[in-house]
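Enquirer: Chains P and W supply the protein sequences, listed in that same order.
Take the first sequence: its position 110, counted from the start at 1, is 110 in the working numbering, and no numbers get skipped.
Take the second sequence: its position 21, counted from the start at 1, is 21 in the working numbering, and no numbers get skipped.
It is worth saying that the hints were derived from the structure and are not from the lab.
Quick reminder that beta carbons are idealized off the backbone N, C-alpha and C, glycines included.
Among the clues, some could well be false.
To be verified - Reference excerpt, derived from the structure (chain P facing chain W, CB under 10 Å, subset only):
no. : residue
1   : Pro72
2   : Ala78
3   : Tyr80
4   : Leu81
5   : Leu90
6   : Ala152
7   : Val156
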Amino acid sequence: MNQTPNVQLPTSNAELSAGASTSNTKRRVLSIFWRILDFVLAGTFIYAGVVKAIDPVQFASDIDNFKILPWPVSVALAFYLPWLEILCALGLLFRVLYRGALSILTASIVIFTLAITAAKVRGLDITCGCFGHASQHWSFPSHLATNLAILAALLVLGFSNRSRKPF
Amino acid sequence: MAALALLPAAGEAIYFRDKISWRSAIAPSEMITVEQARGWGDTAIWVDARPDDEFASDHVPGAISLNEDRWNELLPPFLAVWVPGKKIVVYCSSLSCNASREVARRLRKEAQLSDVFVLEGGWEAWLKKNR
Numbered sequence: 001m002n003q004t005p006n007v008q009l010p011t012s013n014a015e016l017s018a019g020a021s022t023s024n025t026k027r028r029v030l031s032i033f034w035r036i037l038d039f040v041l042a043g044t045f046i047y048a049g050v051v052k053a054i055d056p057v058q059f060a061s062d063i064d065n066f067k068i069l070p071w072p073v074s075v076a077l078a079f080y081l082p083w084l085e086i087l088c089a090l091g092l093l094f095r096v097l098y099r100g101a102l103s104i105l106t107a108s109i110v111i112f113t114l115a116i117t118a119a120k121v122r123g124l125d126i127t128c129g130c131f132g133h134a135s136q137h138w139s140f141p142s143h144l145a146t147n148l149a150i151l152a153a154l155l156v157l158g159f160s161n162r163s164r165k166p167f
Numbered sequence: 001m002a003a004l005a006l007l008p009a010a011g012e013a014i015y016f017r018d019k020i021s022w023r024s025a026i027a028p029s030e031m032i033t034v035e036q037a038r039g040w041g042d043t044a045i046w047v048d049a050r051p052d053d054e055f056a057s058d059h060v061p062g063a064i065s066l067n068e069d070r071w072n073e074l075l076p077p078f079l080a081v082w083v084p085g086k087k088i089v090v091y092c093s094s095l096s097c098n099a100s101r102e103v104a105r106r107l108r109k110e111a112q113l114s115d116v117f118v119l120e121g122g123w124e125a126w127l128k129k130n131r
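For reference, chain P alone in the conformation it holds in the complex (with noise of 0.2 Å):
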């Protein structure tokens, strides 16, 4: 008979009960991060378009500058993205249509990234307009770091597990 000792078995349950509360805690901690991420970059991206949807016309004017866009998309999109970027971003901060709206960020970050990679290649000296007049004088390696730091932590979020559950 292979018999597991009763006077070990207290001791077992106790090491599993201590284990599973540290990784409930460890959860916990995780989900705060999560969330707190999920704030911040909200946060961002609504200032983003809320300052550029104040003035489409000067959003335009910087889509126009890449040279990439016909005049009437630039109009168009000056008008839709300052808008997408905020419901996204609404999206992240009350949970709804999560996945969706990390998508749509993480594209359009994408999209800009490349855009002013593409001018600062094809020696356009411009302003990338992400964030309206307060980027208009940063420099192309603090825009880059800018979105690339954005971008990871949407990746960060759209591949942790916890998008899929409630906080």
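Chain P is fixed; fit chain W onto it per the hints.
Expert: Same frame as chain P, now just chain W:
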């Protein structure tokens, strides 16, 4: 979410319909041809929005250099020359450049000047008509 964003965007497009043209980056009322600008004679001040080296190599006779690279430095001398009632004609290299548009925008917004116009075709157009 993508479809929902169309609603406020459409509302904003209606609200800003008088402030932005869907056809051109510059509102037609702010554009001026070389012939029209020359017709203004001494009542117009020419502003060269190109970089310093291009201005140094050649420019419209009597033009004042005012570019974004040295905006804070060049604006005071320009304002010293400007008198109320004078029209301002801003130009940059060619039809595709943006410097004149930006300088014109800043003159209106930051210096609170009116009657600021962008020369259609820029320096290239002026050269064609004058040489």
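Enquirer: Does each hint fit the structure? Answer for all of them.
Expert: Cross-check of the supplied hints:
1. Pro72: At 5 Å from the nearest chain W Cβ, P/Pro72 passes the 10 Å test, so the hint holds.
2. Ala78: 8 Å, holds
3. Tyr80: At about 4 Å, which falls below the 10 Å cut-off, the nearest Cβ of chain W leaves the hint on P/Tyr80 intact, so it holds.
4. Leu81: It holds, given that the least Cβ distance between P/Leu81 and chain W is near 8 Å, below 10 Å.
5. Leu90: P/Leu90 check passes; min Cβ-Cβ to chain W is 9 Å, inside 10 Å.
6. Ala152: 23 Å, violated
7. Val156: 21 Å, violated
Checked against the numbered hints above, the structure violates hints 6, 7; every other hint is satisfied.
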